[in-house]
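Novice: Bring the two chains, given one by one in their own frames, into a single complex with the hints.
The primary structure of each chain is shown beneath.
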Amino acid sequence: MTPSSGISLDPWFDNYADRAAGLTASEVRALFAVANRPEVVSLAGGMPFVAALPFDNVSRTVQRVIENSGPAALQYGSGQGLPALREHIMTIMALEGVRAGVDDIVVTTGSQQGLDLVTKLFINPGDAVLAESPSYVGAIGVFRSYQARVEHVAMDDQGMIPEALTERIAHLRAEHIPIKFLYLIPNFQNPAGVTLSASRRLEILDIAQAEGILVLEDNPYGLLWFDQAPPHAIRSADDAGVIYLGSFSKTFAPGLRVGWVVAPHGIREKIVLASEAAILSPSSFSQMILADYFDTNDWKGQITTYRDLYRERRDTMVSALATHLPQIPHTLPTGGFYLWLTLPEGLDSKEMLPRAIKELVAYTPGTAFYANGAGRDNLRLAFCYPEPAFIEEGIKRLSRVVTEELELLETFGPAKKAIPLEVTLDAPPPEVH
Amino acid sequence: MTSPLKVLVLSGGISHERDISLKSGRRVTDGLLAHGLEVTLRDPDATLLKALVETQPDVVWPVLHGASGEDGALRGLLDMLGIAYVGSDGEATRIAWNKPVAKTLVERSGVATPASITLSRDAFRELGAESVLATVAEHLGLPLIVKPAFGGSAQGVSWVDSTDELRQAMVHAFTYADSALVEQRIVGTEVCVTIIDTGDGPRAITPVEIEPLSGHYDFEARYTAGATRFFTPPRLDQKVIEALHAQATTAFSALGLRHLARIDFMVDQEGTPWFLEASTMPGLTETSSTVLALDSAGYDIGSVYAALVESATS
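If you're matching them up, the sequences are chains A and B in order. Here this note's numbering is used: the first residue of the first sequence is 1, the next is one more, and so on. Here this note's numbering is used: the first residue of the second sequence is 1001, the next is one more, and so on.
Hints may be right or wrong, so weigh each one.
[Stated by the list, open to error] Output of the computed footprint for chain A on chain B, the stretches with three or more beta carbons under 8 Å from beta carbons of chain A: (1) 1172 to 1184; (2) 1284 to 1294.
[Stated by the list, open to error] In silico negatives: residues of chain B with every beta carbon more than 10 Å from chain A: (3) D1058; (4) S1068; (5) E1091; (6) S1109; (7) I1117; (8) P1143; (9) G1199; (10) A1307.
To be clear, the hints were calculated from the coordinates, so they are not data collected in a lab. Glycine included, every Cβ here is placed at the ideal spot set by N, Cα and C.
Excised from the complex, chain B in its bound form (with noise of 0.2 Å):
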């Protein structure tokens, strides 16, 4: 008989997204321990890469969003002391973490994408806000929505109906981050795609549709209970459906992604799937759109969540 692999979850981190990875890391773990799974859970700090060393873990998953967990930093310190992880590797985590690199990367693999520009706080300095707001706002049109160039959880993001609210949506952004992603804001239907790939290639799951109740995926709508409504399989056309399939495995491939990711896109009144961002470590809260999408779907988490595991090693 052989023993259980010792997994080690991380997750809080210093990010502003510290509470929803302590609540997804949380989930992960009580899915790996009703597997069998011996698993240890902790934070990480200044002491994490020695204690690597010393317990040698099996598989490291981190559960980690924003920061040196999405920015593949953390990935890529893994990769070098040669320990496995679930999740992309760091050279993929910090393409996807860019969403304005990740747009471009997605594009050239033949996926729609809004119209956008990213802008830097130094721009605004060397060039005027003025005449940038303005310049923008011509060309891009409205409505846009306006988010900081890195990091997940709708933090930092402002859905903006008129050129007034263009400069303020540049300030919270940039409260952030030092860039920002402004993008044509599409209308139509909001869908997300949970791709699982566990060594036989990345597979698609039913997407789920999102229809917050305030009219914004924001923060709120993501993290309060209830204030989302979701619909799975999406209330689209069976070709929408099977485009969206087939153009988040494609987003998946472009971004060089392994494991688990989400992918997120506008359907428009077309039925064109428009590519807006990937998560390389989704939430996986009681609220998240990726822990639905399985539990509808059928899978048991806990047995996905292993198979994830068991895959890092392989």
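Looking at chain A on its own, in the form it has when it is part of the complex (with noise of 0.2 Å):
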């Protein structure tokens, strides 16, 4: 018998908490759903090419990680990581100018859950997080989740533009609005694959500070470099107003999920209480593998071929633009793993990609990089998975797509384009390449 109200398919959908608005299906998600299809090629996702590690080498690791520290490396382990790998990962940020204590380091689940974590410990519904215009999707959704408000601050070639974020701080304050970090990607950054200039982050900083208004800095490209390093991390220049989040997902691979926090005393001690509080401890199994690997390995070498193969997927990229899309300019990232394209005005990425699914070819529309709706004009192409024939093909049919879509927007005219009140999730999974 139905009841009078009918029947519906979550008996819990009225209990849910109001940070879990927004968590439905999505008919651009379902889209990517395809995107791992062998005949489609993907552009969407930023899987590292993890094909490239030592696997000889990395089967030896675990190997004996098991046969000398099995028991440990399967049991709970320290809130804060494991020592042994803190005192690498101090090694790893000196490479770009981070002088941090093994006690400063805070060992997570993937540099994602540090994201959560900072995020849980300041915000309140309705405070303001900062965040350059467009920002890392993962981000946003961690943001949105403890019901944040992102603010968006104009960004270039060069990243953040300071009077931009001047002006924003001016308008929040004049709405009393209480802003808790400036949330910046400073190398390679995703999506746009812009670096921020060295004077940029000084004088960022700078604002930063004189607004008493706390940093999160988020690195996980900044070794990826093609030809020269980037300026050194804000981190560098001060270890009181600024958080830095780390990751091993893009200089080894992902599937660990192991990153780590860098925060000033105070937060550092909150951040440990409240990660022991959601997962008890990082991955034992996946810290000793990482230590090992640091000990026995040229991983300065590997993180070379890493360079070296994304540099040449780069450039089959931006070729492969030159010549089949030479009207959509975009931007030069000199490292880690996306592009930036903008469509011609009256074009919409969202709209476009049922049209580049059934081309065979995937990508991740702007729309998935902003909180309010915007990005309609934009797209974002990975080039770190697929090998260069596959990113030549996958140009060509994205000029077929766009090709059509101009058609249309001829037929047409350009769309009236109203900005959602709820913005979906337009990303893919992680799983998609």
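Specialist: Right under this line is the structure:
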């Protein structure tokens, strides 16, 4: 017998917290299911090309960990992380000018958990987070889940524009909205691929210090530069007002799910407690594998291998875009994984995706990287995963898609773009290439 | 003792509805396995036809939504190979897949269907968008619904309340297909009727009334558990429910369907059911109305699936 209120396939639907709003099925996200098929050239996901790792060495490392430290590797560990790994992290961060002691570092389950912990500690519903325009979809998802108000700040090919930051802060202050932190990806930004210039790093830090705003610096790509290293990390200039997020996902492998946070003392203590409350401890097994790998392998050589591989793929993509889509401007990253394209006026990257899937090419619509529904004029292409020949083919297919869409535009004229009140999930799930 | 039937469930594919198909396929597989059948689940690809010839399954169940799964191509090939399968044959599937053609056939059998026009991209290019849109809006009136001529899961579908929205709705539909159906939108109660035929004639299962909380039964409302309320039997007069049974069965026969289908209707304020479309391989996910209909009507889902497989072999 049907109850008078009808049958709900989720009887708890009315019980969810407000922060669960927006966690719904998405037409765009469902399209990405096709992206993992071999016929499809996926330029959508940001999966590192882990096939380039020295698998024999990795295999020996895993074997050694089990043989020498099996019981400890399969046991709970310290909430702050394995000291031996934290020592390696110190060495890695020194390459980017960051000095930190072993006790300053908290190992997390990927830097994504670091993002979550920092947001959990600082954000009350309605508090503002300042972020680049566009910004990392995974960060926006975390900020929204804690009901933060994400305020995008304009950027150009040198990264976030300091004047725009000052203006945005003044605007929020005038509205009496608390600003809790400024989230930045200074190196080879996801999704735009641009790098924050050295002078702007200092300018932005000055603004943050003057305004009493904490900086959250996310740096997963910093070591993956192609021609020259980016400027030193912002954290290297201020260890009291900057939280630094690091990750092994891009420089080694995301499957181990290991990242880290370096934070000022008071914040760090709270991060450790919050992390223990959430996960008890990061994976001992993964941490031991990483520590052994760094002890026994030429890890710097592996990073050079990754750099060479990604440089070749970026070059292929840039060259293919020049050949097949010369009318479309894009950023020119000097490291990392991504290019950011600006479509001809009137085209809509979200609307265009079903046609792209039909043409067997996938990308991420620009809307995924904004908390306010903007980004329809843009799309992100990832060059990290497909082999160069597939990148070339993918851009050819994309060019056919753009041609078809331009024909539609010519027939119907530009669309009136309504900004949706509810922003949906337009990004591929993590397992998409 | 006879050995269990070997069933190959196909799900996935490269259509826009791949994600839904994968979910449906796993559910069907679970139902058949629980019933003791020997089931293999696979994604169709370039090696499929060769594998079919080599492995010779007793029955194939193409739980594929969209593209080759529902446009009749794969089923036609299965006919050529002499392999039994669950679902309507290639020709019937091809007809039902084409929404405008299906509407015409069903209307000829005496079932009402909303006034509509089918427009290709080329028609707009040749005749000019302004004049075509103005003519359509003037003659069909508002509100309208615009959908790709092929495909399901409400992908590419727009609910149009003003002439301004019609332009964008056409563009949205054309990103999924080169032809779109513009249909008068009947205001009333949305109802789905599942039809099962396991060899003893088509049986209409008690209809399911659909009440999406957002007002539109779009992709989000279909696949977010809890975003839609269902009523079975529908909150309609018994006479209307009986009419739905009869008209769904008529549509099923008019389209030459077999085994399993879902027929969608809108029932207007006067109690008249209007045929919208037929799905020859309805979604069989956790949130699908066909599964809900069978479950609510007291059917054991696995038994129904097993009966359909058995029926396909006869």
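Novice: Check the structure against each numbered hint from earlier and tell me which ones fail, lowest number first.
Specialist: none
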